[in-house]
Amino acid sequence: MMLALAEQVFNGVMLGAIYVLVALGLMLVYGVLRVLNFAHGALVMLGGYLCQFVFSHVIASYPLAIAGSIVALLPVGWVLERGVFAPLRDDLQNQVIASLGLVLVIENLVLVVWGPAALQFRLATTQVLVPFGPLRFSLQQFLVIGAGLACVAALFAFLNFTKFGTAVRATAQHPGAALVVGIDVGRVHAVTFAIGTALAAMAGSLLGPLFLVFPQMGDGPLLKGLAAIILGGLGSVWGAVIGGFAIGIVEAVSTLVIPTDYRDAVAFIVIAGVLLLRPHGLFGRTTRYEA
Amino acid sequence: MKPRDVVVFAVVTMGLLLLPAFYGRANYLLHILVLSGLYAIPAIGLNLMLGYTGLVSLGHAALAGIGAYAVALLTVKAGLNFWLALPLAAIASAAVGAVIGALCLRLRSHFFMIVTLAFGLILHSVMNNWDSVTGGAAGFAGIPRPDPIGFAAFRSLPEFYRLTVVATAAVFAVQALLVRSQFGRVLDAIRQDEILTAFKGIDTTAYKLAAFAIGSGIAGLGGALEVSYLRVAAPSSFDMVESINLVLIVVVGGAGTLLGPILGALVFVGVPEYLRLASEYRLVIFGALLVAVTLFARRGIAGLFAPRRAKTA
Amino acid sequence: MTTLDIREVRKSFGGLQALAGCTFALDRPGIYGLIGPNGAGKTTLFDVITGRQRPDHGHVLIAGSERVLRPHVLAGLGMARTFQECRVFPELTCLENMLFATQPKGLGRTLGQAFGRSAAHRRAHEAEARHWLQLATLERYADEPASILSFGQRRLLEIAAALVTRPRLLLLDEPAAGVNPALLAVLRDVLVAQQRAQPAVVLIIEHNMEFIMDISERIIVMHQGAVLEQGSPAAIQASPRVIEAYLG
Numbered sequence: 000m001m002l003a004l005a006e007q008v009f010n011g012v013m014l015g016a017i018y019v020l021v022a023l024g025l026m027l028v029y030g031v032l033r034v035l036n037f038a039h040g041a042l043v044m045l046g047g048y049l050c051q052f053v054f055s056h057v058i059a060s061y062p063l064a065i066a067g068s069i070v071a072l073l074p075v076g077w078v079l080e081r082g083v084f085a086p087l088r089d090d091l092q093n094q095v096i097a098s099l100g101l102v103l104v105i106e107n108l109v110l111v112v113w114g115p116a117a118l119q120f121r122l123a124t125t126q127v128l129v130p131f132g133p134l135r136f137s138l139q140q141f142l143v144i145g146a147g148l149a150c151v152a153a154l155f156a157f158l159n160f161t162k163f164g165t166a167v168r169a170t171a172q173h174p175g176a177a178l179v180v181g182i183d184v185g186r187v188h189a190v191t192f193a194i195g196t197a198l199a200a201m202a203g204s205l206l207g208p209l210f211l212v213f214p215q216m217g218d219g220p221l222l223k224g225l226a227a228i229i230l231g232g233l234g235s236v237w238g239a240v241i242g243g244f245a246i247g248i249v250e251a252v253s254t255l256v257i258p259t260d261y262r263d264a265v266a267f268i269v270i271a272g273v274l275l276l277r278p279h280g281l282f283g284r285t286t287r288y289e290a
Numbered sequence: 000m001k002p003r004d005v006v007v008f009a010v011v012t013m014g015l016l017l018l019p020a021f022y023g024r025a026n027y028l029l030h031i032l033v034l035s036g037l038y039a040i041p042a043i044g045l046n047l048m049l050g051y052t053g054l055v056s057l058g059h060a061a062l063a064g065i066g067a068y069a070v071a072l073l074t075v076k077a078g079l080n081f082w083l084a085l086p087l088a089a090i091a092s093a094a095v096g097a098v099i100g101a102l103c104l105r106l107r108s109h110f111f112m113i114v115t116l117a118f119g120l121i122l123h124s125v126m127n128n129w130d131s132v133t134g135g136a137a138g139f140a141g142i143p144r145p146d147p148i149g150f151a152a153f154r155s156l157p158e159f160y161r162l163t164v165v166a167t168a169a170v171f172a173v174q175a176l177l178v179r180s181q182f183g184r185v186l187d188a189i190r191q192d193e194i195l196t197a198f199k200g201i202d203t204t205a206y207k208l209a210a211f212a213i214g215s216g217i218a219g220l221g222g223a224l225e226v227s228y229l230r231v232a233a234p235s236s237f238d239m240v241e242s243i244n245l246v247l248i249v250v251v252g253g254a255g256t257l258l259g260p261i262l263g264a265l266v267f268v269g270v271p272e273y274l275r276l277a278s279e280y281r282l283v284i285f286g287a288l289l290v291a292v293t294l295f296a297r298r299g300i301a302g303l304f305a306p307r308r309a310k311t312a
Numbered sequence: 000m001t002t003l004d005i006r007e008v009r010k011s012f013g014g015l016q017a018l019a020g021c022t023f024a025l026d027r028p029g030i031y032g033l034i035g036p037n038g039a040g041k042t043t044l045f046d047v048i049t050g051r052q053r054p055d056h057g058h059v060l061i062a063g064s065e066r067v068l069r070p071h072v073l074a075g076l077g078m079a080r081t082f083q084e085c086r087v088f089p090e091l092t093c094l095e096n097m098l099f100a101t102q103p104k105g106l107g108r109t110l111g112q113a114f115g116r117s118a119a120h121r122r123a124h125e126a127e128a129r130h131w132l133q134l135a136t137l138e139r140y141a142d143e144p145a146s147i148l149s150f151g152q153r154r155l156l157e158i159a160a161a162l163v164t165r166p167r168l169l170l171l172d173e174p175a176a177g178v179n180p181a182l183l184a185v186l187r188d189v190l191v192a193q194q195r196a197q198p199a200v201v202l203i204i205e206h207n208m209e210f211i212m213d214i215s216e217r218i219i220v221m222h223q224g225a226v227l228e229q230g231s232p233a234a235i236q237a238s239p240r241v242i243e244a245y246l247g
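Chains as they are written, first to last, in numbering that gives the first Met the number 0: chain B, 0 to 290; chain F, 0 to 312; chain V, 0 to 247.
Hints were generated in silico from the structure; no laboratory data involved. Among the hints, erroneous ones may be present.
To be verified - Not the full set, but computed from the structure, chain F residues with beta-carbon under 8 Å of chain V:
1. Asn128
2. Leu176
3. Ser180
4. Gln181
5. Asp192
6. Ala197
7. Phe198
8. Lys199
9. Ile201
10. Asp202
11. Ala205
12. Tyr206
13. Ala209
14. Pro271
15. Leu274
16. Ser278
Note that beta-carbon positions come from the ideal geometry of N, C-alpha and C, so glycine has one too.
Just chain B, with the same shape it has in the complex:
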């Protein structure tokens, strides 16, 4: 029993690493651009497809395929930011509706190009098993956790120790003041969205080898990512990290007690539950004007 629990906790940490990446992408874009991008899951999915494509048709190197996926996804993100989200900056309702439209476009374009069948993404690292105490996990699972933590560390370093990162944080806190201080807010927006896109590509590339590549593969991670940032508070980086791992672990462990069919519902119930008890998220703060 304890062994099963430990195994699921590890699985949960691995899933959590992916959810953290998704959550960070969502949260950065929301925090800096004030854009709630429901199409983020579709970007994750597209990242997975691009990685698989590069791996099978260009070069059979996983790190290079990931890099290729990021490079290929960045222009897509740029088009979305400039073409759709920038014009809708202060209009939350229409942003969300537009992002839903983008979900339809991206998911169905993928259906048109690649077809509905799920694609295999076979990596050597998913076959290699590494012993961990009495349990054994695939190398890929360790890689996912490692990659996730590395990205979090890199993002943290960027935001806190570089000049541009400070500009990003300033813009997130107060766009008006950032402008006044001489920050090129347009550039900050573009770079932030690019980072969000890169994180999405990363998440998709890590997810693909684990669970197949298929058009709806981004839907679950999107919702888990949303759940994570709601748990952690819409503006908090650490909240997203804690929230992501928490959701992953709760989801994995819950499969021990409830039928696996309902595992996705766990995250949704978490979202609903947290928000109903604490309408500002666990770490969100009350502001003077609650609109």
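With chain B fixed as given, assemble chains F and V onto it according to the hints.
Coordinates of chains F and V only, in the frame set by chain B:
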């Protein structure tokens, strides 16, 4: 309500009812119109919430599903007459909508959208997995057509078509009456500035809840009719994609306009059938259309014909 | 609603203490000014009085009874307020903005009416609404959407819309901000006319000293979340403590 509007409404409805007489065996056209009507009804419910009150609910299809499964269970498992099951199904969805609304409405707009999405997914998950009650992923078959009234048996397409016309017209009329009243004006005020509306003496939570419940009840009505037409209830008709489709229909048709949901449904169902598009292509185009509407044509198709926002007086 | 009693009210947001034991009483109708440096807690006090925020500590008594009611209930009892950021319904015409608060508000009533016959309520109040619009020099915009008005005109509309409901307790948050001198004179006349017609407790947050000193019978000075001093406009203007609070 101008007398002219009532006359136009009556004439159009009459014309639609008489359509099968003129077109005889035009079954394909009738089928398209039935499907459009079955999308238009829940869309009208969503329009009341989203278009008029500003509540962006992303789980609306699931509420249609409540009505659908309610009618399925009541007619098949409990043997109830369809005409009794139908209002009960609408009440069931209205009740579920009221509960979800009561829980969600105090949340800020971002969270509201996310939680409605989450509830839609939870409900869909239940429909998909609660095999003993809902039949699981395979769905629930054997749902009857409405019981005969007089000489109308509703087994044939023209008769069910007429039922759909009457139902859509009735829901449209309800929408119009609500919107063009003080109730509608209050909803509109809430959409424009909720805090200001509260300070003017309006219990905004009660009004939003009413809009949510009524919109959900209407969705349930649509869902119930749909499964009676198709004779089967399947969870795939009520998943997240369908919820997004409903948002699309309302917004592209024209959110906050009376005709918007109907135009949106006609375009959504009719155009791809007419062009014989596979569903993936249809959704790419509609997705792009949705983005285009939010960027360039906020009032959708209906807005193209009515340049100024119609006064709710 | 013609008395307002604030006792030891405290309110914090996270680490920021906006109100730190605020106490004063307005025991009869009149126009009162609430001034103080930025961050003194004035708007937070309004939010607490109007039910938008709950005080952490202390009491707010309106007409002698402690009210912990939500904004719409207080509005129904005769309270009206305007906002620092100036809120009107942008898509409604000026006349519709004026009429909005005079219409039936209860959910049961409006739903019932939707399926019954349309009431003649709107016409009943229309003459009065137009009268106020005229006082506010906005009558020619009666059928134009409020969004076309200039900021100063929107201010006047906001205030006129609050006045048409004949409130007993009126809270104005920086009504003069961004309003040009000509319209300010109109605003002054409107407020004075309203007091003659329907005396109410009017509490005005202002930074425009000339405006507020001219119109108020008593000034309350807030500083760092509490009341620093109260008195007639002349006394306040001469007070060394007040001057220091603003300059210090």
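Going through the hints against the structure:
1. For Asn128/F, the shortest C-beta to C-beta distance to chain V is roughly 37 Å, which exceeds 8 Å, and the interface hint is violated.
2. At its closest, the beta carbon of Leu176/F sits 5 Å from a beta carbon of chain V; the interface hint therefore holds under the 8 Å criterion.
3. For Ser180/F, the interface hint holds, since its Cβ comes within 8 Å of a Cβ in chain V; the closest pair sits about 4 Å apart.
4. Restraint check, Gln181/F versus chain V: the minimum CB separation of about 4 Å is within 8 Å; hint holds.
5. A cut of 8 Å between beta carbons decides the hint on Asp192/F: the least distance to chain V is about 6 Å, and the hint holds.
6. This hint holds: Ala197/F has a C-beta 5 Å from the nearest C-beta of chain V, less than the 8 Å allowed.
7. Proximity of Phe198/F to chain V holds as hinted, the smallest CB-CB distance being about 5 Å (cut-off 8 Å).
8. Because the closest C-beta pair between Lys199/F and chain V is about 4 Å apart, less than 8 Å, the hint holds.
9. A distance limit of 8 Å between C-beta atoms decides the matter here; for Ile201/F the minimum to chain V is near 5 Å, and the interface restraint holds.
10. Interface hint status for Asp202/F: upheld, as the beta-carbon distance to the closest one in chain V is roughly 5 Å, under 8 Å.
11. Because the closest C-beta pair between Ala205/F and chain V is about 5 Å apart, less than 8 Å, the hint holds.
12. Checking Tyr206/F against chain V by beta carbon gives a least distance of about 6 Å; that is within 8 Å, so the hint holds.
13. The beta carbon of Ala209/F comes within 6 Å of a beta carbon in chain V, closer than 8 Å, and the hint placing it at the interface holds.
14. The interface hint given for Pro271/F is broken, as the beta carbon of that residue sits about 34 Å from the closest beta carbon of chain V, more than 8 Å.
15. Interface restraint check for Leu274/F: the shortest CB-CB distance to chain V comes to about 37 Å, outside 8 Å, so the restraint is violated.
16. For Ser278/F, the shortest C-beta to C-beta distance to chain V is roughly 37 Å, which exceeds 8 Å, and the interface hint is violated.
Checked against the numbered hints given earlier, this structure breaks hints 1, 14, 15, 16; the rest are met.
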